[in-house]
Amino acid sequence: MSTGSLTILVIDENRIRASIIEAGLRDAGHRHVTVIHDVAGIARRIAEIEPDVIVIDLENPNRDMLENMFQLSRAVKRPIAMFVDRSDQASIEAAVDAGVSAYVVDGLKKERIKPILDMAISRFNAFSRMARELEEARSELENRKVIDRAKGILMKSRGLSEEAAYTLLRKTAMNQNRKIAEIAQSLVTAAGLLGPLEGE
Amino acid sequence: MSMAHEITAGFMPLFDSAVLVVAGEMGFAAREGIELKLQRETSWANIRDRIAIGHFDVAHMLGPMPLACSLGLTPLASETIVPFSLGLGGNCITVSNAVWDGMAAQGAAPDLDPGRAGAALGALIRERAGAGREPLRFAVVHPHSGHNYELRYWLAACGIDPDRDIEIVIVPPPFMADALAAGRIDGYCVGEPWNSAAVAAGTGRIVTVKALLWRNSPEKVIGARKVWAEENPEALAALLRALHHAARWCQDAANRGELAAMMAKPAFLGQPEAIQMPALTGRLQLGGGVERRVEDFFLPFDKAANFPWKSHALWFYTQMVRWGQLPHTPQNLAIARDCYRPDLYRSALKPLGVALPGANAKVEGALKVATPVGSAGASLVLGPDGFFDGQIFDPDRIDAYIAGQKRA
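Going down the list, the sequences are from chains A and B.
Residues 0 to 199 (numbering that gives the first Met the number 0) make up the first sequence, in order.
Residues 0 to 407 (numbering that gives the first Met the number 0) make up the second sequence, in order.
Only chain B is shown next, with the shape it has when bound in the complex (with noise of 0.2 Å):
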């Protein structure tokens, strides 16, 4: 029998592909008359590449990756909407082991508390510019990724200048732990299970958390060519139901080990069933022996998880004005807000019944504790969503926002 639909997705062997990845390999996507074909990549640069040829219709993205293509950051971008998100957190901060050392005789305790560990690395810091050492240099895998922006965040509201106190170069995310391991690199902002490789190698120490940094934040998104979605908004609806089921099954504990077990295979992540567990349990191995359990860790579908907010397109734009990606101009702001697209979630999860937000932003940082939201009858929960320094971003107040952000 033949599909209603054939669509190409690319994606990376990552862990947070995993709604895609059960999308196809559960049948969810076949249920809704797709032919859902998964290509892996090397690279985001390849992706890139191929949404923008039309080699793939949709892909799995870093956040911020379609507003650079849409803004036109990169070379070979094409208009590329958001039309899902694959999950909210899921990164880590890992340090070598010497850098730890350094940082716990300032004061930091494996306890993952971002402030602490900012203000301990910060001391050091500035301890080794006294002593005339080389400036530290991390990793992030894209400069335009909520990795760079989180670790940025993180280092800048600690006193830190990401550009003049570090350095920050780009390394593939298989390649992290190794190149810590080799001295290459001091420390990183990497997705699991690239995290707990390097604390299960011996040779890093897991310090703070994106959950922990801004709580349900979010990360991988479903990128889609915009010619292709609007060309074949069935075939784009029928996605983004599959997707939807593909989330719900993946947050469901009771699937954890299957979803191990099918991530593990070589055409997927290729890693190890145990290392991916961190990311599914929440319960992460620090270093040293210490365990922590981190709430909300990595959510694949709960709070909201597949909702492709304004607020979050509209914050990523912030920091690339922040750190001096693009000029923050009325043509830039619109083409980022436009960027992320509730409306097609909305419509195409509309016939499931489902509780749906009903704004297409919020504020970020409002919600200090759990919230249920929408429509009656269907429940909803939303947050907390709080950022650690207890910054508020309002998407209605981004000129202040903006205008308020420091460097350091």
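If we strip away everything but chain A, and leave its shape as in the complex, we get (with noise of 0.2 Å):
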């Protein structure tokens, strides 16, 4: 059998990480891939779809309810055990790491699950570095932004330079060790409270 045929189904309610795991499965060779958001009628779903491996993220506070009807086969055909092999411990670490558990239909041979827990925990580890890059840009910007207005208020409380603001800020964190973004907001805030300094 070809890797091709097995079925799997991603559970995850981050959409956009959802499409880069299914895409991962994809490109892999997997076609039998459905991927769901929502786990209302979930037991009906799965019985439709009858998946060989299921993948589904750590925060999902559903986990609880999928596992027992994972054992429970009553709304599922078949009984689903969890994938990780006891003995296999770094690939269980590196899945909880990753923030992602699978659960495998009994009797499937390691060998052809592996790769699958492989591509997920490193979809799953992009993602995450992806959204940690993003939470930086976006940081990094309102950094720019707070830097602004403090060099805006230094320049006009004491008529500096846009250049004289700017080494102002930077040589006062230099002193207190502090990052320059932090004494900007300490500004702009003391600023505030003190009165109609700046927007005026």
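It cannot be assumed that every hint is accurate.
[Said to hold, decoys possible] If you want a taste of the chain B side facing chain A, the calculated C-beta under 10 Å gives, among others:
| # | residue |
| --- | --- |
| 1 | Thr41 |
| 2 | Ser42 |
| 3 | Asp48 |
[What the hints assert, rightly or not] Here are some chain B residues the structure puts well away from chain A; computed CB gaps all over 10 Å:
| # | residue |
| --- | --- |
| 4 | Trp43 |
| 5 | Ile165 |
| 6 | Val168 |
| 7 | His244 |
| 8 | Phe387 |
[Unchecked claim] Calculated cross-link-like contacts (lysine to aspartate or glutamate; reagent style DMTMM-like; alpha-carbon spacing at most 25 Å):
| # | chain 1 | residue 1 | chain 2 | residue 2 |
| --- | --- | --- | --- | --- |
| 9 | B | Lys225 | A | Asp87 |
| 10 | A | Lys109 | A | Asp26 |
| 11 | B | Lys225 | A | Asp96 |
| 12 | B | Lys225 | A | Glu92 |
| 13 | B | Lys264 | A | Glu161 |
| 14 | B | Lys36 | A | Glu58 |
| 15 | B | Lys36 | A | Glu92 |
No wet-lab data here; the hints were simulated from the structure.
Glycine included, C-beta positions come from ideal geometry on N, C-alpha and C.
Build the complex from these two chains, which are given one at a time in their own frames, with help from the hints.
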């Protein structure tokens, strides 16, 4: 049997991450991949799809419900046991670190499943990295805004040039062993408290 | 200053994680030389997995969960021990308004009486079955939970077969009230504040409470990875002392406001202070404007609430057997008995000179009234600890108890 014949279900409320995993599985030759974002009515969907492998994100608060459903096999046609094998501690840790868990139909060979879990782990990690970078870019942008406002306050209140205002912020930050953005934020907050220095 | 011990503890955003949260937030852990790192989780499965792979040293757990882990009932389970209990009671059984109306028509009254409510529910279920309607669907938080076992115990004692006459599903606690309002479930058993939440929303009625089904009965515990506990006995003992002081603080009525404000923070329970008050005061709004005060509704400290009784573990074990989760064998029984560790609790607290129970197990249901026990000078009051149907659980006669259990 080719790898493409396995039916894989991805349950993830995060649509972007789910589509990243789906794309990865398709690139690896898996043609039967279904993605579910919402667990409402999931017992029926699972019975219809009859997945061989189920991938779930660890943030999903419905994990206890899903696990119980797999164990009970009343709604699901075939009993499903957790994929990760106890002997493979490194794999288990990598999966939990990445924030993903996987379940598989009993009896499927480990060699057939391992690439799927590895794929899910690497895509989850890639997603976290991307989310982190986005967050950094966002806070970078906000830092720049607050530094601009602080410069404006200094230029107005102390009659400094833009360059001199920035130099003053940087020197203060260095002396206090803090970030320029923190000094700028303190200045903006203080100015707000002390009166209508800015924005008049 | 760096601390002597660093302990990572997982918890779920439930009111009964309070003792663990307070140990960290109020400095009780730091006073014992512990840097306590609290990590909020989203499912019991995550707690289990992170304990198993060593991300957490200890965690807030459902009382039967360490048993299930040690008995290998769940995937990725590892040996987990219970050196401390996080409290007694705290759960309720809530039904939809429609089910309540049906129960009231069958003689239920808003008085929380488990026998009366159960008889009315049974009559309603038979009436519905006669009319060819779908079985009612109740939710619990986990198959290996006090909630699942006490709901089933109540139903079975009232002549309702929990597997045949109704359906039991799993729903995460914060989603219970919404699922009830949306009609996806007809009732549930969960800890506070998720019962009062449905009452406040006008979508549910509290019909009975854990404290009346089995008075002063076990609920959440501290589960510790056995390997970690064995390798770090001093850290564990220090943690148990910190938890002891935290539990005493939580029990003190003078601290209620501060406790509710602390738990209201998004990092912990993240629910408004007002909705936490029923758990703290035992004064419950049942719905329809009826208020009832429940004695010993939730005890974080009093009545030896933190002592990990082996009889509590063994009762959970009998229910696992009763509902087909595992066979009763001498090996399984031994694992269950060894899971709860009153010896560790006692040795950690001994230096504090506080009153400690002398026995490791008790006959559950034997104490009809609150009873002073323990050594001279130190005061300790236990019980009452009765089951609502008058049954007695004697852990020394466990075979007979298991043999006598009916499914309905």
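Taking the hints in turn, this is what the structure says about them:
1. Contact between B:Thr41 and chain A, as hinted, is supported at the beta carbon level, the nearest pair being about 5 Å apart and thus within 10 Å.
2. The criterion of a C-beta within 10 Å of any C-beta in chain A is met by B:Ser42, whose closest approach is roughly 4 Å, and the hint holds.
3. For B:Asp48, the interface hint holds, since its Cβ comes within 10 Å of a Cβ in chain A; the closest pair sits about 6 Å apart.
4. Not every CB of chain A is more than 10 Å from the CB of B:Trp43 (nearest about 5 Å), against its label as outside the interface.
5. Every beta carbon of chain A lies more than 10 Å from that of B:Ile165, the smallest distance being close to 14 Å; the non-interface claim holds.
6. A cut-off of 10 Å between C-beta atoms contradicts the statement that B:Val168 is not in contact with chain A; the least separation is 7 Å.
7. With a least CB separation of 32 Å from chain A, B:His244 remains clear of the 10 Å interface cut-off, as annotated.
8. For B:Phe387, the condition that its CB be more than 10 Å from all CB atoms of chain A holds, with the nearest at approximately 27 Å.
9. With a C-alpha separation of about 20 Å, the suggested pair B:Lys225 and A:Asp87 falls inside the 25 Å cut-off, and the hint holds.
10. This hinted pair checks out: A:Lys109 and A:Asp26 have alpha carbons roughly 20 Å apart, not beyond 25 Å.
11. Of the supplied pair hints, the one linking B:Lys225 and A:Asp96 holds, its CA atoms being roughly 22 Å apart against a limit of 25 Å.
12. Under the criterion of a C-alpha separation no larger than 25 Å, the hint pairing B:Lys225 with A:Glu92 is consistent with the structure, at around 18 Å.
13. Under the criterion of a C-alpha separation no larger than 25 Å, the hint pairing B:Lys264 with A:Glu161 is inconsistent with the structure, at around 42 Å.
14. The straight-line distance between the Cα atoms of B:Lys36 and A:Glu58 is roughly 19 Å, inside the 25 Å bound, and the hint therefore holds.
15. At roughly 20 Å between alpha-carbon atoms, B:Lys36 and A:Glu92 fall within 25 Å of each other, so this suggested pair holds.
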